[in-house]
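S.K.: Protein chains in written order, with our numbering: chain A, 7 to 349; chain B, 7 to 349.
It should be emphasised that the hints constitute simulated quantities derived from the structure, not laboratory data. Do not take every clue at face value.
Here are some chain B residues the structure puts well away from chain A; computed CB gaps all over 12 Å [what the hints assert, rightly or not]:
| hint | residue |
| --- | --- |
| 1 | Val-211 |
| 2 | Asp-243 |
| 3 | Glu-257 |
| 4 | Leu-288 |
Derived DMTMM-like pairs: lysine to aspartate or glutamate, alpha-carbon spacing no greater than 25 Å straight-line [unchecked claim]:
| hint | chain 1 | residue 1 | chain 2 | residue 2 |
| --- | --- | --- | --- | --- |
| 5 | B | Lys-272 | A | Glu-130 |
| 6 | B | Lys-162 | B | Glu-318 |
| 7 | A | Lys-272 | B | Glu-299 |
| 8 | A | Lys-53 | A | Glu-157 |
| 9 | B | Lys-295 | A | Glu-157 |
| 10 | A | Lys-325 | A | Asp-160 |
| 11 | B | Lys-162 | A | Asp-219 |
| 12 | B | Lys-105 | B | Glu-116 |
| 13 | B | Lys-226 | A | Glu-157 |
| 14 | B | Lys-272 | B | Glu-299 |
| 15 | A | Lys-295 | B | Asp-160 |
| 16 | A | Lys-272 | B | Glu-22 |
| 17 | B | Lys-272 | A | Glu-240 |
| 18 | A | Lys-295 | B | Asp-198 |
| 19 | A | Lys-272 | B | Glu-247 |
| 20 | B | Lys-156 | A | Asp-160 |
| 21 | A | Lys-272 | B | Asp-219 |
| 22 | A | Lys-105 | A | Glu-80 |
| 23 | B | Lys-314 | B | Glu-299 |
| 24 | A | Lys-156 | B | Glu-240 |
| 25 | A | Lys-156 | B | Glu-299 |
| 26 | A | Lys-162 | B | Glu-157 |
| 27 | B | Lys-307 | B | Glu-157 |
| 28 | A | Lys-53 | A | Glu-22 |
| 29 | B | Lys-156 | A | Glu-157 |
| 30 | B | Lys-272 | A | Glu-69 |
| 31 | A | Lys-272 | B | Glu-349 |
| 32 | B | Lys-131 | B | Glu-318 |
A few chain A residues facing chain B, derived, Cβ under 10 Å [unchecked claim]:
| hint | residue |
| --- | --- |
| 33 | Val-32 |
| 34 | Gln-268 |
| 35 | Asn-273 |
| 36 | Val-278 |
| 37 | Glu-298 |
| 38 | Ala-302 |
Positions of the beta carbon are idealized from the N, C-alpha and C atoms, including for glycine.
Protein chains: 2
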Amino acid sequence: MAPITNARVLFKSYPEGYPIPGETTVYDTTQTIDLETVPLNGGFLVKTLVLSVDPYFRGRMRESKTSSYIGGFEIGAPLDGFGIGVVLRSENSKVAVGKHVYGPKTLHQEYTVYPELGHAAIIEKHPDLPWTVYVGALGMPGQTAFVGWKEYSDAKPGQVAFVTTGAGGVGAIVVQLAKAAGLKVISSAGSDEKVEFMKSIGADVPFNYKTTDTRAVLEKEGPIDVYWDNVGGEILDAAIEFAAQNGRLIECGSISGYNTGQTPIKNISMVVGKCLHMHGFLVWPLLPKYYEEFYATMPGKIASGEFKYVEEVTKGLDKVGDVILAVQNGTSKAKAVVVVAEE
Amino acid sequence: MAPITNARVLFKSYPEGYPIPGETTVYDTTQTIDLETVPLNGGFLVKTLVLSVDPYFRGRMRESKTSSYIGGFEIGAPLDGFGIGVVLRSENSKVAVGKHVYGPKTLHQEYTVYPELGHAAIIEKHPDLPWTVYVGALGMPGQTAFVGWKEYSDAKPGQVAFVTTGAGGVGAIVVQLAKAAGLKVISSAGSDEKVEFMKSIGADVPFNYKTTDTRAVLEKEGPIDVYWDNVGGEILDAAIEFAAQNGRLIECGSISGYNTGQTPIKNISMVVGKCLHMHGFLVWPLLPKYYEEFYATMPGKIASGEFKYVEEVTKGLDKVGDVILAVQNGTSKAKAVVVVAEE
């Protein structure tokens, strides 16, 4: 079989503000691969099926001298992120042909030879669910919601939660975990369509932060016992202002500042008198503690419809740059997934 | 016995910036009291011996519509705070004449009839110690250090602590608790004299934040596993910047902003990637948990010299206004105590 094109999405330059398709990242078709003869050297060849595009990508678009919790993208190299692929060939006894690999460092290219599994895992799919959900509600975003909520919410029935980006990959699961725990849930997002979705998954007070004043909502509906922060900035400040005594602030992200700089927080001194607890966290260190519980419970809840999810699926590796931008500027409509190929 | 003067310190007006003696507070000698005939109505008459002047006073000098964790001072009424007095007369069977009362709402006046003990307690003094230390290292400040450190430091030998106001009533005890727990201790204060004191109580890296760049010290001596915050503002920002992964930020106060407004915090978004835990706390909710341990261990350690303390004792109720200002602007040399009368 002759070599075929192995399209890739390369990281081209550090963005100043928002990542621009064609400038920050570039779709490249110059590389070829011979699927039958490419040397595996003990590894395995994967055909990429789905790729996850997430808010944290922006943090990886900085020069690596800027310290971050995760390595930066390398100029000239393919992007990488969560993804799922099917094994075409293998010289690794743990990785059988036809199995599916879910990996945190899946390259943004059509075909890849991986030398070893590393942090990736072989996963099985629930027959009623698509692969896409395994990088969303059943992947890193869902796991992030699950472990952060379980570890830090200290939630009690009747308390009040405020969840930002409540229609997003993480936030929508948090909304549903909070409702399942018996809390009143206030949740924010940036479009009326997202407000409708938040309503459909049980949020008691869903609102569009672009057209409704967050402080007014919190003043009326609070005080807040559990704040789930995906945004930072002024909304974090409002959450602190209207936090209940002994409130918990779960810090998952601060996308309001990823592209335009973080807005300084004015109300931090209130944490003393209110006895607030702020927990920054990453999913990795906590995942081992909750891994079995997550996979034992959540796929069934998602498949049965007890927990709902919504995703925005874009077809084509060439669209990755557009999807990255949409995730950063909030025009994405839901958890963003790129389908690279069907099986 | 004829009525005698019962001098008081009255709260006169809300300060704009720093509290000005004679404007914010006024020493008043217009009231008299007849110690033999003043009606007790079931209560008890106390002669005030020592009064504690603390940073939190500034927070009580706001109009009460500004919510705070503790009631504001009332215009025209005497100040109140932690203090110790001796019982002169009593109609309360739990409060014997000659006993000493330690109370959180001791009025700033020479003699007071209290209707009931309320949150006050009868305390005994270690024979080798003065009463003054019972409003300092063995009073609320020492308790604040003790309960905050025990509850939130999660300290392990070999880790690094950074303690602000390390020569103050709270900070000096935190420095010594951190050393006793086997940590390397960086500590800051605002004069070379305080730096010498911090050195004498075991701080490994004591420095004067007015003449030494905090960020440079932390960059060299960090990263910080436990940050004890009494100051807020830029130093809190620096502590976050140089915090270690999984660091704990214990928020006890933010005196840098009490009089001039809080400086917004720029680095809060770093709590996510570093997995930092910020705990705001007040001593009251935690004190019951540690009360017995505190009084069982700390008086002996203080009396034996195992734990050191320094206090700045000022004689005379008429000096309260000056002492309040010195505590707020940092010109006080150590934990501030006013001796109102000898027994």
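S.K.: It remains to establish, for every hint, whether it holds in the given structure.
M.R.: Outcome of the hint check:
Every CB of chain A lies more than 12 Å from the CB of Val-211 of chain B, the least distance being 22 Å, so the non-interface label holds. A Cβ of chain A approaches the Cβ of Asp-243 of chain B within 12 Å, the least distance being about 9 Å, so the stated non-interface status is violated. Glu-257 of chain B, annotated as away from the interface, has a beta carbon of chain A within 12 Å; the closest lies near 5 Å. Not every CB of chain A is more than 12 Å from the CB of Leu-288 of chain B (nearest about 6 Å), against its label as outside the interface.
Distance restraint check for Lys-272 of chain B and Glu-130 of chain A: the Cα-Cα separation of roughly 43 Å exceeds the 25 Å cut-off, and the hinted pair is therefore not satisfied. With a C-alpha separation of about 33 Å, the suggested pair Lys-162 of chain B and Glu-318 of chain B falls outside the 25 Å cut-off, and the hint is violated. Taking the CA atoms of Lys-272 of chain A and Glu-299 of chain B, the gap is about 37 Å. The hint is violated against a cut of 25 Å. A C-alpha spacing of about 36 Å is found between Lys-53 of chain A and Glu-157 of chain A, which places the hinted pair above 25 Å, so the restraint is violated.
Of the pairs offered as hints, the one joining Lys-295 of chain B and Glu-157 of chain A holds, with about 23 Å between alpha carbons and a cut-off of 25 Å not exceeded. As the CA atoms of Lys-325 of chain A and Asp-160 of chain A are separated by approximately 40 Å, the hinted pair breaks the 25 Å bound. Of the supplied pair hints, the one linking Lys-162 of chain B and Asp-219 of chain A is violated, its CA atoms being roughly 44 Å apart against a limit of 25 Å. Between the alpha carbons of Lys-105 of chain B and Glu-116 of chain B the distance comes to roughly 17 Å, so the proposed pair stays at or under 25 Å and holds.
Distance hint between Lys-226 of chain B and Glu-157 of chain A is unfulfilled; the C-alpha atoms sit about 33 Å from each other, more than 25 Å. A threshold of 25 Å between alpha carbons decides the hint, and for Lys-272 of chain B with Glu-299 of chain B the separation of about 38 Å lies outside it, so the pair is violated. Only pairs whose Cα atoms come within 25 Å are accepted, and Lys-295 of chain A paired with Asp-160 of chain B is accepted, the gap being roughly 20 Å. Distance restraint check for Lys-272 of chain A and Glu-22 of chain B: the Cα-Cα separation of roughly 19 Å lies within the 25 Å cut-off, and the hinted pair is therefore satisfied.
Only pairs whose Cα atoms come within 25 Å are accepted, and Lys-272 of chain B paired with Glu-240 of chain A is accepted, the gap being roughly 12 Å. Among the hinted pairs, Lys-295 of chain A with Asp-198 of chain B is inconsistent with the structure: their alpha-carbon atoms are about 48 Å apart, more than 25 Å. Straight-line distance between C-alpha atoms of Lys-272 of chain A and Glu-247 of chain B comes to about 17 Å, which keeps the hinted pair within the 25 Å bound. Among the hinted pairs, Lys-156 of chain B with Asp-160 of chain A is consistent with the structure: their alpha-carbon atoms are about 20 Å apart, no more than 25 Å.
Our distance criterion of 25 Å between C-alpha atoms is met by Lys-272 of chain A and Asp-219 of chain B, whose separation comes to about 23 Å. A C-alpha spacing of about 29 Å is found between Lys-105 of chain A and Glu-80 of chain A, which places the hinted pair above 25 Å, so the restraint is violated. In summary, the hint linking Lys-314 of chain B to Glu-299 of chain B is supported, as the alpha carbons are separated by about 18 Å, within the 25 Å threshold. A C-alpha spacing of about 33 Å is found between Lys-156 of chain A and Glu-240 of chain B, which places the hinted pair above 25 Å, so the restraint is violated.
Distance check on the hinted pair: Lys-156 of chain A and Glu-299 of chain B sit about 32 Å apart at the alpha-carbon level, beyond 25 Å; violated. Between Lys-162 of chain A and Glu-157 of chain B the alpha-carbon distance is near 22 Å, which keeps this suggested pair within the 25 Å criterion. For the given pair, Lys-307 of chain B sits about 20 Å from Glu-157 of chain B by alpha-carbon distance, which is consistent with the 25 Å threshold. Between Lys-53 of chain A and Glu-22 of chain A, the direct Cα distance comes to roughly 33 Å. Violation of the 25 Å bound is thereby established for this hinted pair.
With a C-alpha separation of about 21 Å, the suggested pair Lys-156 of chain B and Glu-157 of chain A falls inside the 25 Å cut-off, and the hint holds. Between Lys-272 of chain B and Glu-69 of chain A, the direct Cα distance comes to roughly 20 Å. Compliance with the 25 Å bound is thereby established for this hinted pair. For the suggested pair Lys-272 of chain A and Glu-349 of chain B, the alpha carbons sit about 47 Å apart, so the restraint of at most 25 Å is broken. Distance hint between Lys-131 of chain B and Glu-318 of chain B is fulfilled; the C-alpha atoms sit about 19 Å from each other, no more than 25 Å.
Nearest Cβ of chain B to the Cβ of Val-32 of chain A: about 27 Å, over the 10 Å cut. The hint is violated. Residue-level restraint check for Gln-268 of chain A holds (minimum Cβ-Cβ distance to chain B is 5 Å; threshold 10 Å). Given the 10 Å rule on beta carbons, the hint for Asn-273 of chain A holds: about 8 Å separates it from the nearest Cβ of chain B. Here the hint on Val-278 of chain A is kept, as its CB sits about 4 Å from the closest CB of chain B, short of 10 Å.
Because the beta carbon of Glu-298 of chain A sits about 22 Å from the nearest beta carbon in chain B, more than 10 Å, this interface hint is broken. Given the 10 Å rule on beta carbons, the hint for Ala-302 of chain A is violated: about 25 Å separates it from the nearest Cβ of chain B.
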